[in-house]
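*Asks:* What follows is the residue order along each chain.
Number of protein chains: 2
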Amino acid sequence: VNAPPAAATKHPSEPIAIVCGGGALPAAVADAALGQGRAVFLLGLEGWADPDTLRRYPHAWVKVGQLGRGKRLAAAAGCREVVFIGTVLRPAIRSLRLDWTALRLLPRIFRIFRGGDDHLLSGFAQMVQEHGFRLVAAHEVAPDILAPVGALGKLTPAARDLEDAERGFALIDAMGPFDVGQAVVVADGRVLAVEAAEGTDRMLDRIAALREDGRIKSARGVGVLVKAPKPGQDRRLDLPSIGPATVERVNAAGLAGIVVRAGAVQVADLSVTAARADAAGVFVAGLEATRGPA
Amino acid sequence: VNAPPAAATKHPSEPIAIVCGGGALPAAVADAALGQGRAVFLLGLEGWADPDTLRRYPHAWVKVGQLGRGKRLAAAAGCREVVFIGTVLRPAIRSLRLDWTALRLLPRIFRIFRGGDDHLLSGFAQMVQEHGFRLVAAHEVAPDILAPVGALGKLTPAARDLEDAERGFALIDAMGPFDVGQAVVVADGRVLAVEAAEGTDRMLDRIAALREDGRIKSARGVGVLVKAPKPGQDRRLDLPSIGPATVERVNAAGLAGIVVRAGAVQVADLSVTAARADAAGVFVAGLEATRGPA
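Residue numbers (my numbering), protein chains in the order written: chain A, 1469 to 1762; chain B, 1469 to 1762.
Think of the hints as simulated: they come from the structure by calculation, not from any bench.
Heads up, a few of these hints could be off.
Pairs involving identical chains hold if they fit within one copy or between any two copies, as the list cannot separate such chains.
Claimed, not checked - Once the Cα atoms are required to be at most 25 Å apart in a straight line, the calculated SDA-like pairs of lysine to any residue come out as:
(1) Lys1531 with Ser1686
(2) Lys1531 with Ala1676
(3) Lys1685 with Gly1657
(4) Lys1531 with Ala1626
(5) Lys1478 with Arg1506
(6) Lys1685 with Asp1673
(7) Lys1685 with Val1556
(8) Lys1685 with Gln1594
(9) Lys1478 with Pro1519
(10) Lys1685 with Gly1667
(11) Lys1685 with Arg1670
(12) Lys1685 with Gly1533
(13) Lys1685 with Val1740
(14) Lys1622 with Pro1611
Build the full structure now, drawing on both the sequences and the hints.
*Replies:* See below:
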């Protein structure tokens, strides 16, 4: 993050391929690259990337699993560096549209599909690199998409919230070897929820439902959503992210706010996220690791 | 578990007080005590214990929080030993019907209400003992309520299921210091869910919902519900439990079966649970800890 973004890439005179999932982050990365005078070529993942976003840039569409097609398109556009950004949920192996390149790799694909998400992503990253591309982290191109240190909006976490946040960070660290989630909810020292396959949004909806049903009895305005990358996670492929919708859900869940690991969590629409937090009366804060990033 | 049950209690000639929450386990414990020639006195927790069950034994009713009343009733019945058994969800502090004894302890009650369930229960256990009672584990009176080693029904876990189970046990151990849940779901090496405030039933319902929505894509018949006590948990007060309803939900969630830590998880209606498992085509198995109970 401290190095100048241009230095992070090895071929700044070539267009960079941006493989796009859902959400607002792909456009943020493309705009950052263009702002640095770098050409871009967007590869939209069908069913995930936003067509209106892609239309604004040189682009093509691929299905998840079309490794050969993606490789040919990127090479034809003159790209040797590739960024992965945006939301893609773990696909079912039987729903993948595998092309010939992918089919030849099938035994390996089956192998990497066993295990957690990190395992899946690191296996995928290795395949991409063996096909001659250099994998570049989205935040190397667009450092501004990462949560800064401190509060995004006007509100700041209280001492009690910071205690809950530290407990959450420690729990995410402890679960690291198990490749579980990147988010937990802690209220007054008690762990209310741990994210796994359901994702952050559904975990927050669960908190709201449990509160309504009387299963969570802590007062409204107590409790923190804590997000951080898993220790050892390949940060070029999958950083946790938050955005305006996360703020809405944290508010609906009756929590006090969001604490993320600064510099290691993506924020979609930073200014909109800050404005929503202020409007909802919740805090969104980036905290530095006291003992270095995991 | 290996010691004869009668030896586990210090006052076998006196009636034993059984503080009863919900479910089938309170009757199992009362019957086991009666079978050993031990008199019983049941204290039903209003809103939790089953009135039809209590009616079959000498009993009285108390509200959660009526420490003084519970103490007086148990002492008047000649009890010096007390067992806690059955389901009681963490109450809201403002919903407790605190009597004078409890009110005098209020600062302490507030203190023990901060933090996780273990913290709550161990604080409570200490208060009970300071009031002159000896806390006896339900399985000291009724060892048969604990899951035995091996399969309960006809089906047994395959090698793949055992791998998932070991991963689940290791995760529960790793989360121990955080006083989170006692149950996780692992499928093909991937952690699908971690139980926290929602409890096991809702966690299993979530798996079923995620599968229906396409968020969980592993095949039906893959994946294991893993339950074990948290390391360091006071086993006299709160052991994890399963029963026929758990089997139904595991089946609805499309999992292969249930693996619990043998001798450390309570099974409500053992024979009914086994029959349901056979009917549903899922396994329920107790596994011994390879490196001793945590």
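*Asks:* If a hint holds in the structure, say so; if it doesn't, say that too.
*Replies:* Here is how each hint holds up against the structure:
1. Lys1531 with Ser1686: between (45 Å within a copy, 20 Å between copies)
2. Lys1531 with Ala1676: neither (35 Å within a copy, 27 Å between copies)
3. Lys1685 with Gly1657: within (14 Å within a copy, 34 Å between copies)
4. Lys1531 with Ala1626: neither (46 Å within a copy, 35 Å between copies)
5. Lys1478 with Arg1506: within (12 Å within a copy, 80 Å between copies)
6. Lys1685 with Asp1673: Cα proximity of Lys1685 and Asp1673: in one copy and across copies (16 Å, 21 Å).
7. Lys1685 with Val1556: between (34 Å within a copy, 14 Å between copies)
8. Lys1685 with Gln1594: between (46 Å within a copy, 24 Å between copies)
9. Lys1478 with Pro1519: For Lys1478 and Pro1519, neither the intra-copy (29 Å) nor the inter-copy (74 Å) Cα distance is at most 25 Å.
10. Lys1685 with Gly1667: both (23 Å within a copy, 14 Å between copies)
11. Lys1685 with Arg1670: both (19 Å within a copy, 17 Å between copies)
12. Lys1685 with Gly1533: This pair counts as between: shortest inter-copy Cα distance 16 Å, intra-copy 45 Å.
13. Lys1685 with Val1740: Answer is neither: 31 Å inside a copy and 34 Å across each miss the 25 Å cutoff.
14. Lys1622 with Pro1611: within (22 Å within a copy, 57 Å between copies)
Violation of the numbered hints given earlier is confined to hints 2, 4, 9 and 13; the remaining hints are satisfied by the structure.
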